[in-house]
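Undergrad: Using the hints provided, position chain B relative to the given structure of chain A.
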Amino acid sequence: MADPNKVDPIHQFQITDIVSFGEGGVSFTNSALFMVLTVGVIALYLLLSTQKRSLVPNRVQLVSEMLYEFVAKMVSDSAGKAGMKFFPFVFSLFMFVLVANMFGMIPFFFTFTSHIIITFALALLVFVVVIVYGVYKNGFKFFKLFVPSGVPGYVLPIVVPIEVVSFLSRPISLSVRLFANILAGHITVKVFAGFIVTLGSLGFLGWLGALLPLIMTVAITALEFLVAALQAYVFAVLTSMYINDAIHPSH
Amino acid sequence: MAGSAQDIIIVAQAESGDALQQGEVVAPAEEHAAEGEHAAPADAHGATDTHASTEAHSEVFPPFDPASFGGQLLWLAITFAALYFLMSRVALPRIGSILETRRTRIEGDLKEAERLRQETEKAAAAYEAALAEARKNAHGIAEETRAGIKADIDGRRADVEATLAKRVSEAEARIQADKDAALANVGSIAAETAQALVAKISGTVTAAEARAAVAAVSKE
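Quick note, the sequences are listed as chains A and B, same order. If you read the first sequence in my numbering, its first letter stands for residue 1, the second for the next number, and so on. If you read the second sequence in my numbering, its first letter stands for residue 1, the second for the next number, and so on.
Bear in mind the hints are in silico, worked out from the structure with no lab data behind them. Worth double-checking, as some hints may not be accurate.
As the list claims (entries may be wrong) - List time: in silico DSBU-like cross-link candidates among lysine-lysine, alpha-carbon distance up to 30 Å:
#: 1; chain 1: B; residue 1: 111; chain 2: A; residue 2: 73
#: 2; chain 1: B; residue 1: 111; chain 2: A; residue 2: 81
#: 3; chain 1: A; residue 1: 137; chain 2: A; residue 2: 73
One chain only, chain A, in its complex shape (with noise of 0.2 Å):
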């Protein structure tokens, strides 16, 4: 970073302590910063806005009912009465996501669910709630999952391979879906905000030229926004399908 002019597009995911904790041990990093951030928002914003229990609510508490009944819609829609059991799972997951991508659209915020370990971490408990909570309430009737009903015979040994298949990528899918929209976008929002810096570094005609990828860097910044809330809702509803079938499994 010697030049300040050259803008490096990647920087912005990297993790830096802020409190080491000894040498070798855990650290408290900017990502561990914004997790805690994320939380105590979420969990303030709630908790706040719904203190005076208004009958007939003020704006603030419009937005957590709205909120809560934005879920709760989303979860008895894919998973029925009996999935409202994973509401609070579903909720927390889809404001965790969304908050963290929402901090990521600030300048100088670290965005964790661009690292990819957040995103499968979280993808991979959707999973194991599912197949464990699967099992436990249908037992063996939850392979039923893998077998199509309606299918006839000589078609499932290619149909429940792919079944399977599907199945198992699914934390993959998940996980990589969000973390790779978060990733790329930042980096072309990045690369494009390069373009203006490095173009206007150039005298009066690249401050013409700087002109383009500032309209484009802005165009790609409220196209982030919508990606943001986009990915947090579909790994809600995902989660909520996934859990659907968790509940029931014959198709």
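TA: Chain B in isolation, oriented as in the chain A frame:
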């Protein structure tokens, strides 16, 4: 930009040999006791592929740096567990209860409104019934009064008519009697007239002769 990109690539190539050595030396030194076998190939991979863009930092693309995995997982576990606990124990039950209270309140209000509406309907029906009853009564009373008046009028008319008929028949009887008396007197008047006439013309005639003559004439 193209120029600087080329520069980076050149720098990367120049340093890659160096970095490969470094990676092999550094990797074990970085305390990845648990992820040792994992870390070494990743570092080597990172050194050849992504070193160019991250030369200022570690040798690996940060999101794929296994060195950060342990710490991030730990903090993720702590924070997400805390979030789940806060959501499932405090925040969501609270919001749920707010919504439930509102729902029951609205339902209660609607039920109360429905009850009041039914009461209103009942009152309206009672009023209607009373009105119909009153109307019926009024009709009966009017009918009764009309009948009473009619009977009264009829009675009086009958009385008057009877009185009048009696008087008429009395008058008729009297007229008849007068007529009869007058008719009865006609013979004697005629006889007296005939006696007077005869007396004037021819001399005296007795009353008996005159009467017999009149009788004979009135027989013809």
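Undergrad: Run every hint past the structure and note whether it holds.
TA: For each hint, the structure was consulted:
no. : hint            : verdict
1   : 111(B) to 73(A) : holds (26 Å)
2   : 111(B) to 81(A) : holds (26 Å)
3   : 137(A) to 73(A) : holds (23 Å)
The earlier numbered hints are all upheld by this structure, with none contradicted.
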